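Colleague: One-letter residues, chain by chain:
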Amino acid sequence: MIDSIPLVTPQIAHFSVPLPLKSGALLAAYDLVYETHGQLNAAHSNAILVCHALSGNHHIAGYHQASDKKPGWWDNMIGPGKPIDTRKFFVIGVNNLGGCHGSTGPASINPDTGMAWGSNFPMMTVADWVDTQARLADVLEIRQFAAVVGGSLGGMQALHWSIAYPERVRHCLVIAAAPHLTAQNIAFNDVARQAILTDPDFHGGDYYAHHTTPKRGLKLARMLGHITYLSDDVMGSKFGRVLRHAAINYGYDVEFEIESYLRYQGDKFAESFDANTYLLMTKALDYFDPAHEAGSLKAALAPSMAEFLVISFTTDWRFAPERSREIVRALLDNERRVSYAEIDSAHGHDAFLMPDPHYHALINAYMDRISL
Amino acid sequence: MMRHDFQTIADWISAKAKVLDLGCGNGELLKYLQDTRNIHGYGVEISDEHVLGCVKNGVNVIQRDLEAGLAEFASDSFDYVVLSQTLQAVHHTEAILHEILRVGRQGIITFPNFGYWKNRWQILRGHMPVSEDLPYQWYDTPNVHLCTMHDFEALCAKVGIHIQECVVMTGGHRVNWLRNLSGSLAVYRFTRDGM
Numbered sequence: 001m002i003d004s005i006p007l008v009t010p011q012i013a014h015f016s017v018p019l020p021l022k023s024g025a026l027l028a029a030y031d032l033v034y035e036t037h038g039q040l041n042a043a044h045s046n047a048i049l050v051c052h053a054l055s056g057n058h059h060i061a062g063y064h065q066a067s068d069k070k071p072g073w074w075d076n077m078i079g080p081g082k083p084i085d086t087r088k089f090f091v092i093g094v095n096n097l098g099g100c101h102g103s104t105g106p107a108s109i110n111p112d113t114g115m116a117w118g119s120n121f122p123m124m125t126v127a128d129w130v131d132t133q134a135r136l137a138d139v140l141e142i143r144q145f146a147a148v149v150g151g152s153l154g155g156m157q158a159l160h161w162s163i164a165y166p167e168r169v170r171h172c173l174v175i176a177a178a179p180h181l182t183a184q185n186i187a188f189n190d191v192a193r194q195a196i197l198t199d200p201d202f203h204g205g206d207y208y209a210h211h212t213t214p215k216r217g218l219k220l221a222r223m224l225g226h227i228t229y230l231s232d233d234v235m236g237s238k239f240g241r242v243l244r245h246a247a248i249n250y251g252y253d254v255e256f257e258i259e260s261y262l263r264y265q266g267d268k269f270a271e272s273f274d275a276n277t278y279l280l281m282t283k284a285l286d287y288f289d290p291a292h293e294a295g296s297l298k299a300a301l302a303p304s305m306a307e308f309l310v311i312s313f314t315t316d317w318r319f320a321p322e323r324s325r326e327i328v329r330a331l332l333d334n335e336r337r338v339s340y341a342e343i344d345s346a347h348g349h350d351a352f353l354m355p356d357p358h359y360h361a362l363i364n365a366y367m368d369r370i371s372l
Numbered sequence: 001m002m003r004h005d006f007q008t009i010a011d012w013i014s015a016k017a018k019v020l021d022l023g024c025g026n027g028e029l030l031k032y033l034q035d036t037r038n039i040h041g042y043g044v045e046i047s048d049e050h051v052l053g054c055v056k057n058g059v060n061v062i063q064r065d066l067e068a069g070l071a072e073f074a075s076d077s078f079d080y081v082v083l084s085q086t087l088q089a090v091h092h093t094e095a096i097l098h099e100i101l102r103v104g105r106q107g108i109i110t111f112p113n114f115g116y117w118k119n120r121w122q123i124l125r126g127h128m129p130v131s132e133d134l135p136y137q138w139y140d141t142p143n144v145h146l147c148t149m150h151d152f153e154a155l156c157a158k159v160g161i162h163i164q165e166c167v168v169m170t171g172g173h174r175v176n177w178l179r180n181l182s183g184s185l186a187v188y189r190f191t192r193d194g195m
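Residue numbers (the numbering used here), protein chains in the order written: chain A, 1 to 372; chain B, 1 to 195.
Here chain A stands alone, though its shape is the one from the complex (with noise of 0.2 Å):
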C-alpha cells in the first residue's frame, strides 16, 4: 500500500496577529494545518506550495498512518520521482482558512463564546486564503516559492499569488481555473447551497449545538457537484444505464447504477465534510473576480511577475477551456511568460486530478526547468 513516501505528519501554526478579513470582519486568532514534502533546501528557494480545491485539504500526498486505506488528494501529482518531485521541491499543502481538516472554521470553538463558531464564522474570500498561506509562508522562512499550483478553486488561489504577492511567485501553475465563475456556475453552487441552508438539520448553521448535522442537505450538494465534475461522455461510459438489479421496479429506490454511485458518495462524503465549510467554500469561489476589482483581467494580472503555466482539459464544461484561454489572454497582455495546454481527456472537470500520462508529463516537463 505505501509506496509512494513514507508517514507525513500534519503541524499546526497557530496566528494570533489579527487578521482583516476581505469582508470587513477581524479574525483575531487562528490556526493553520499543513504538511511537508521532502527537503527545504538551505537557500529556502525550493518550496512549492500546493492550494487545495473546494472539498481538498491540507493532506496532498503520502499517508498520515500505515493503516490508511487512501494517500493525500493529489498522491500521483506529488512525491518522489512524481511530476511535483518531492526529491527536489519542498512540497506545502495547508488546509484553508474555514476548513474541517484542522484549520480554524466554522466547526472550531469561538473563544469568545466557548461555542462552536457555526453561523458566526466569518465569510472567506480567495485573497484572505492567500494572505493567509503568505503568513504561513513566513513561519517556515520562505520569502519567495519556486512555484503556486492550484487546480479548480486551487488555481484561483495560484492565480491571486500571482496578483497579491507578485515577488513571492517564480512560477505560477493554474489548473483547471477561470478568472471567475460564470452564471450557471454560481447558479449550481447556489442549489447545492439550498440544498444545505434548507435542511432541517441546519439549525441557521450552529447545528453543531444540536448535535446533529445537515446531512441529507450536504448530500444532495455533494450529488450536483460530483454530477458537474464529470462529463456526459464518461459518466455514459462509466454507468450508462446500467441496472442495479435485475429489472425495473417502478420505484424511487435505486435503480440504476448512476444513482447508487452518486448517493453513495453523497453520503461518504457527508458523513467526513462539515457542511459549513462547503457553505463558504462555495461563496468564495462565487466571489473571486480579480477582473472586477482592477478593471479588467488584464489590469488585475498586471503587477505579477511569475512564469505561468495554464493548462485546461477539453471536456471540462464547469471551467471550461475558454476560460483558462481568458487567464492566457491576460496575461499575454502583460507580455508574460506564459504556456498553455488544452489536455485531451474524457473526464470532466476531474481530470485535473487523474493520472493523465501528457498531463503528468508537461508538469513534470515544467518542474524540471524550474532552477533554484
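Derived by calculation from the structure, the hints in this document are not laboratory data.
Values in this document were obtained by computation on a predicted structure and should not be read as measured data.
Careful: at least some of the hints might be erroneous.
[Unchecked claim] Okay, derived cross-link-like pairs now, DSS-like style, lysine-lysine, Cα gap no bigger than 27 Å in a straight line:
#1 B:Lys18 x A:Lys298
#2 A:Lys88 x B:Lys31
#3 A:Lys298 x B:Lys158
[Said to hold, decoys possible] If you want the footprint, here are the derived chain A segments under chain B, 3+ residues with CB under 8 Å:
#4 85-91
#5 319-329
#6 358-366
[Stated by the list, open to error] One-sided and incomplete, this derived list gives chain B residues near chain A with beta-carbon spacing under 10 Å:
#7 His40
#8 Asp48
#9 Val51
#10 Leu52
#11 Cys54
#12 Lys56
#13 Glu72
#14 Ala74
#15 Val144
Beta carbons are placed, not taken as given, at the ideal position from N, Cα and C, and that holds for glycine.
Since the structure of chain A is provided, determine the placement of chain B on it from the hints.
Modeller: Just chain B now, with coordinates in the frame of chain A:
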C-alpha cells in the same frame, strides 16, 4: 541540425524583439532566437507532443489550432510573426495571412517552392515530387496548399501584403537568379501594405 531557413530568419530579427512563431514545433527556432537574439517569444502549436517539446526547451507555447485564428493575441502586439514551413499545411490560408498582418508589425513566411525545377521535373516524369523540402509521399502528407513563389506573391498582392525581402535557398545555399526555378525553399519578410 538547424533548419536551413532558421539562420535567414534569425538574421532578420532584431535583438530583444517580440516574436510569435506559428506552428513552432518543439520550439527550436524560438530557442535559437532566445539564445542568440535575446528575444521575447511565444510559439503556437496544436500537437500535444510539440507543446511538451516546447516546455522541455524552455519556450513559451500556447496550444491552439491556427486554423481558428489567433484570438488570444492582441493586434499589433508582436514585432515579428513567423510562419516557417507551415503555410503549405494550412487550410485557411488567407485567414491566417490576415491574422499575421493583424498581430505582427512584420511577417516572415517560409515554404517549399513548388516551382523548383526538381519538383517540376518529377511531375514531368509523371510523379508527385518528393525532396528534402517536400519529404512526404502524396498519400501521407500534411501539406494541402502547395504553391510556387509566383503563386505566393500573387496572393500577397491580393491580401495586402507588402513584400520587403525574399531569400531563396537550395540545399541550404542561397540562389540569386531564376529563383522560382532554382530555389527549393523560399523565405519572405513582409509588412502590411501602406506601412
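Colleague: Does each hint fit the structure? Answer for all of them.
Modeller: Status of the hints after comparison with the structure:
| no. | hint | result |
| --- | --- | --- |
| 1 | B:Lys18 x A:Lys298 | 19 Å, holds |
| 2 | A:Lys88 x B:Lys31 | 25 Å, holds |
| 3 | A:Lys298 x B:Lys158 | 35 Å, violated |
| 4 | 85-91 | violated (count 0) |
| 5 | 319-329 | holds (count 3) |
| 6 | 358-366 | holds (count 5) |
| 7 | His40 | 7 Å, holds |
| 8 | Asp48 | 5 Å, holds |
| 9 | Val51 | 5 Å, holds |
| 10 | Leu52 | 6 Å, holds |
| 11 | Cys54 | 7 Å, holds |
| 12 | Lys56 | 5 Å, holds |
| 13 | Glu72 | 4 Å, holds |
| 14 | Ala74 | 6 Å, holds |
| 15 | Val144 | 23 Å, violated |
The earlier numbered hints that this structure contradicts are 3, 4, 15.
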